[in-house]
Amino acid sequence: MNTVVSSYLRSAKSIDLGGTGFFRLVGLLAGACANFAVIAILSRDYGVEYYAFYALMASMLNLLPFADFGIGATMVNATADYRSGALDRMSFQSHFRRASLVTVLVSLAVASLAFLLYQMGLWVPILGAVGEMNHASALATVVIISAAVGIPLGLGSRILQGCGKMRVVVTAALIGPIIQLIVIVVCWTTHAPAYLFVLAPCAGYLAVGFLTLALALRSISGDEGSLIGWSLTSPVRVRIAETAVPFFLISIGMVVGFQSHRLLISTFGTVEDVAQYSVVAQFAGPLLAILGVMGQNLWSRYRERFRIGTLRVREFAQHIVLLGTVGAVFALALIVISYPGIRFVSGGSLVVPLATVLAGSVYILVVSVHQPAAMFLMDPRGLWVQVLCVWLSGLVGMVLAISLIPELGPAALYLGLSAGMVVLQVIPCIHISTRRISSMEKAVETGVAV
46 MNTVVSSYLR SAKSIDLGGT GFFRLVGLLA GACANFAVIA ILSRDYGVEY YAFYALMASM
106 LNLLPFADFG IGATMVNATA DYRSGALDRM SFQSHFRRAS LVTVLVSLAV ASLAFLLYQM
166 GLWVPILGAV GEMNHASALA TVVIISAAVG IPLGLGSRIL QGCGKMRVVV TAALIGPIIQ
226 LIVIVVCWTT HAPAYLFVLA PCAGYLAVGF LTLALALRSI SGDEGSLIGW SLTSPVRVRI
286 AETAVPFFLI SIGMVVGFQS HRLLISTFGT VEDVAQYSVV AQFAGPLLAI LGVMGQNLWS
346 RYRERFRIGT LRVREFAQHI VLLGTVGAVF ALALIVISYP GIRFVSGGSL VVPLATVLAG
406 SVYILVVSVH QPAAMFLMDP RGLWVQVLCV WLSGLVGMVL AISLIPELGP AALYLGLSAG
466 MVVLQVIPCI HISTRRISSM EKAVETGVAV
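In my numbering, each number is its position in the sequence shown, counted from 1, plus 45.
Don't take each hint at face value.
Said to hold, decoys possible - Simulated DEER-style distance windows between Cβ atoms:
hint, residue 1, residue 2, range
1, Ile223, Val489, 42 to 48 Å
2, Gly92, Pro385, 28 to 34 Å
3, Val468, Leu241, 48 to 54 Å
4, Arg89, Met299, 36 to 42 Å
5, Val468, Phe313, 28 to 34 Å
6, Val301, Ala131, 32 to 38 Å
Hints listed in this document are in silico derivations from the structure and should not be mistaken for laboratory results. Fair warning: this is a prediction, and the values are worked out from it, not measured in the lab. Just so it is clear, CB atoms sit at the ideal spot from N, CA and C, and this is done for glycine as well.
Required output: the full structure, derived from the provided sequences and hints.
Right under this line is the structure:
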């Protein structure tokens, strides 16, 4: 028994499961502190309407999650291949150069569109009631331009991820809420106008982007020269689309199938259902975020180990058990913390059925078990498999949720999506991953090149 436990502990340590999860948790707590601070200051000193103004503007920073068109995934794979020797220096340089060029062009296009909307006065109808407030259009432009600048800066975190340094990524992200808090305190102590508080999340967002890019360039350049200043031409042909396109489609599928929950419950349920689902999601979200970064630790490791023929089915199975165990702990935490926590925070005005919390816990467990297979199938062939699985499971999950909402309420969303994932995503992806790793093991044993 002790031998088995020791084996799993060594496996967890080898993929830095605890360190990455811990620093992600610290980052989430720091972000929560910054949010609580701005809620208190704006609500008490300026008025609730100014917090609404701030919340809408800050949320716009996350409106462009797929603006890199999946190119970030290309950089993860290229970096992992370069580190394992599968990609030479010139080819890696070409990947970085092409990715930088495309993301900079996208950034300029997004920034130009934001400025055009400002010049034409179109931010007012887009923002609705908030658009009528002073400086709303100007600040919306600033926020979107900040998000646009962050598109090419995001390559830094992808390079670090390809280096197997997710702990560095999540640790560097701590500077975001710190900068945000500093700007909030400065605005508060200087009695700055309420609209200037919006600069806080923008500053934190950009600080993280610049820091991770600097760390990435330093990490990958070493003694062989900087990644900055290369010529725009290269004799090496780079095919970024073969990874970027399917990854982009997966991202869209995740939004369609897994991020449209509130719209579904609002359309087919009641207002109370929306409130109940949303408050459980507030507790489940941070737990899913921690699981996400833990899983991302496996991406580059799997790619390197599979390339050189050292990945084993037993190790892959251990990772499924490890992430599943973490997911089970998180699922239990959601039940223990959220159910009484919701009653306390809402003062008893919002009562969430236990079934909804339990269904959310099931969803967390399913997501955790799926992480290893999702991170293994990140080559072009595997990504196309995931495109099919994500879209099918998402659509089937939506249909199941819609059919169950009248009877189960918000619990139907979590249960429908969980069922769709298990049957059409988790089981197929684990099966395909296991077969590919097993085939690689046999090839290594027989001396066939992997």
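So, going through the hints one by one against the coordinates:
1. Ile223 with Val489: 42 to 48 Å: 47 Å, holds
2. Gly92 with Pro385: 28 to 34 Å: Once the Cβ atoms are compared, 32 Å apart, the range 28 to 34 Å for Pro385 and Gly92 holds.
3. Val468 with Leu241: 48 to 54 Å: Cβ of Val468 to Cβ of Leu241: about 50 Å, so the range 48 to 54 Å holds.
4. Arg89 with Met299: 36 to 42 Å: 38 Å, holds
5. Val468 with Phe313: 28 to 34 Å: For Val468 and Phe313 the Cβ distance comes to about 22 Å; the hint is violated.
6. Val301 with Ala131: 32 to 38 Å: At roughly 34 Å between Cβ atoms, Ala131 and Val301 fall inside 32 to 38 Å, so the hint holds.
This entry does not satisfy hint 5, going by the numbered hints stated previously; all others are met.
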